[in-house]
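S.K.: Sequence:
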Amino acid sequence: MPDSPVSFGLLHRTCSLMVLLCVLHILVTVVYYVRNPDSTPAFAPNRQHNPQIHRKLAQQSGGVEDTGPAGMNASQRGEAMERCPEDPPRLVGPLRVEFTDPITLDLVRSENPALLPGGRYKPPECIALQKVALIIPFRKRDEHLRGSNLTTASTLSTSDVDLIPMDDRNIYKCYSQPRHLAVSMDKFGFRLPYTQYFGGVSSLSKEQFLKINGFPNNYWGWGGEDDDIFNRINSRGMSISRPDSLIGRCRMIRHERDKQNDPNPQSSLSYQVINIEKDQLFTKITVDVGKP
2 MPDSPVSFGL LHRTCSLMVL LCVLHILVTV VYYVRNPDST PAFAPNRQHN PQIHRKLAQQ
62 SGGVEDTGPA GMNASQRGEA MERCPEDPPR LVGPLRVEFT DPITLDLVRS ENPALLPGGR
122 YKPPECIALQ KVALIIPFRK RDEHLRGSNL TTASTLSTSD VDLIPMDDRN IYKCYSQPRH
182 LAVSMDKFGF RLPYTQYFGG VSSLSKEQFL KINGFPNNYW GWGGEDDDIF NRINSRGMSI
242 SRPDSLIGRC RMIRHERDKQ NDPNPQSSLS YQVINIEKDQ LFTKITVDVG KP
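In my numbering, the protein residues as written are 2 to 293.
The hints are simulated quantities; they were obtained by calculation from the structure and are not laboratory data. By construction, the Cβ of each residue, glycine as well, lies at the ideal position given by its N, Cα and C atoms. Careful, some of the hints might be misleading.
[Claimed, not checked] No farther apart than 25 Å at their CA atoms in a straight line, the calculated lysine to aspartate or glutamate pairs in the DMTMM-like style are these:
#, residue 1, residue 2
1, Lys-123, Asp-168
2, Lys-123, Asp-169
3, Lys-207, Asp-187
4, Lys-132, Glu-99
5, Lys-132, Asp-102
6, Lys-132, Glu-83
7, Lys-188, Glu-99
8, Lys-132, Glu-87
9, Lys-207, Asp-169
[Said to hold, decoys possible] Each pair of labels, with its calculated beta carbon distance range:
#, residue 1, residue 2, range
10, Glu-278, Arg-97, 53 to 61 Å
11, Ser-240, Val-20, 47 to 55 Å
12, Glu-87, Leu-117, 38 to 46 Å
13, Gly-94, Met-239, 24 to 32 Å
14, Val-274, Leu-106, 19 to 27 Å
15, Met-239, Thr-101, 34 to 42 Å
16, Ser-236, Ile-275, 28 to 36 Å
17, Gly-94, His-26, 19 to 27 Å
Given only the sequences and the hints, what does the whole structure look like? Please build it.
M.R.: So, in structure tokens, the structure goes:
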């Protein structure tokens, strides 16, 4: 048995090295996920089973008639409920946005029964921190419309009708400064075209909106209004805030440019409301703004 002590020593050193490597691997993994809390572990199940661009509110809320203790609904439990967390717990992160799967408004309605008439939604388990109006102005783009939420609000989020966010952590809400949400679009190679760019999707609080005296109304057609808004914000001593380029990604629905929509003459703020339609998914306000 002369080789037994040598063999035991070699085995001991080998086992010690393996344990050390395992501990080192665990430490590196823990440090990585502590520093990147939004990262999804490779061994976690894929939470994004549906490749379609819409989300199912019904799965999250369980319906608008959700009841709590003693059979009370959300409105009756108002004082007992806590305020919603700053970061919603059900966020997924990067989303797969594809335009190959056909989506109809009837399908979206059936999968979102928790929505109230006009496209309104209220979380049943907590009190929302803000009231947001999602405004999507469009002309002859009904096929691009996926829903808007227009009501009395403290936050005004405006979005081009053809832009789809690619990360649900890009939250449409008020911030301390005017927020530009469409930081990187596929149209621009997922880059910010220039520092002053404020187009695509943006959010302003009611106070910020009034401070810049609203949006300019002297632009018809394409271009110019986004830069004008940036100049208004800058002249009032405010600055643009943005998410990082990964969270602020958006895809654009390809379409032909509108005909007879090129010139930009001045116009006064004059319009006539033609119709107001309240759907389960949105409130559609049709207005006549005249001609250039």
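S.K.: State for each hint whether it applies.
M.R.: Right, here's what the structure says about each hint:
This hinted pair checks out: Lys-123 and Asp-168 have alpha carbons roughly 21 Å apart, not beyond 25 Å. Note on Lys-123 and Asp-169: the hinted pairing holds, with a Cα-Cα distance of about 18 Å set against a maximum of 25 Å. Restraint check for Lys-207 and Asp-187: not satisfied, since their Cα atoms lie roughly 30 Å apart, outside the 25 Å limit. Straight-line distance between C-alpha atoms of Lys-132 and Glu-99 comes to about 29 Å, which puts the hinted pair past the 25 Å bound.
Annotation: proposed proximity of Lys-132 to Asp-102 is violated, straight-line Cα distance about 32 Å (limit 25 Å). A threshold of 25 Å between alpha carbons decides the hint, and for Lys-132 with Glu-83 the separation of about 16 Å falls inside it, so the pair holds. Of the pairs offered as hints, the one joining Lys-188 and Glu-99 holds, with about 15 Å between alpha carbons and a cut-off of 25 Å not exceeded. Only pairs whose Cα atoms come within 25 Å are accepted, and Lys-132 paired with Glu-87 is accepted, the gap being roughly 14 Å.
Simply put, Lys-207 and Asp-169 have alpha-carbon atoms about 23 Å apart, close enough for the 25 Å limit, and the pair holds. Distance hint check: the CB atoms of Glu-278 and Arg-97 are about 31 Å apart, inconsistent with the given range 53 to 61 Å. For the pair Ser-240 and Val-20, the supplied restraint of 47 to 55 Å holds, since their beta-carbon distance comes to about 52 Å. The hinted range of 38 to 46 Å is not satisfied by Glu-87 and Leu-117, whose Cβ atoms lie roughly 24 Å apart.
For the hinted restraint 24 to 32 Å between Gly-94 and Met-239, the CB-CB distance of approximately 29 Å keeps it satisfied. A hinted range of 19 to 27 Å for the beta carbons of Val-274 and Leu-106 is consistent with their spacing of about 23 Å. Between Met-239 and Thr-101 the Cβ separation comes to about 41 Å, which falls inside the hinted range of 34 to 42 Å. One distance hint, 28 to 36 Å for the beta-carbon pair Ser-236 and Ile-275, holds here, with the actual separation near 35 Å.
A C-beta distance of roughly 24 Å is found between Gly-94 and His-26, which places it inside the suggested range of 19 to 27 Å.
Comparing the model with each numbered hint stated earlier shows that hints 3, 4, 5, 10 and 12 do not hold.
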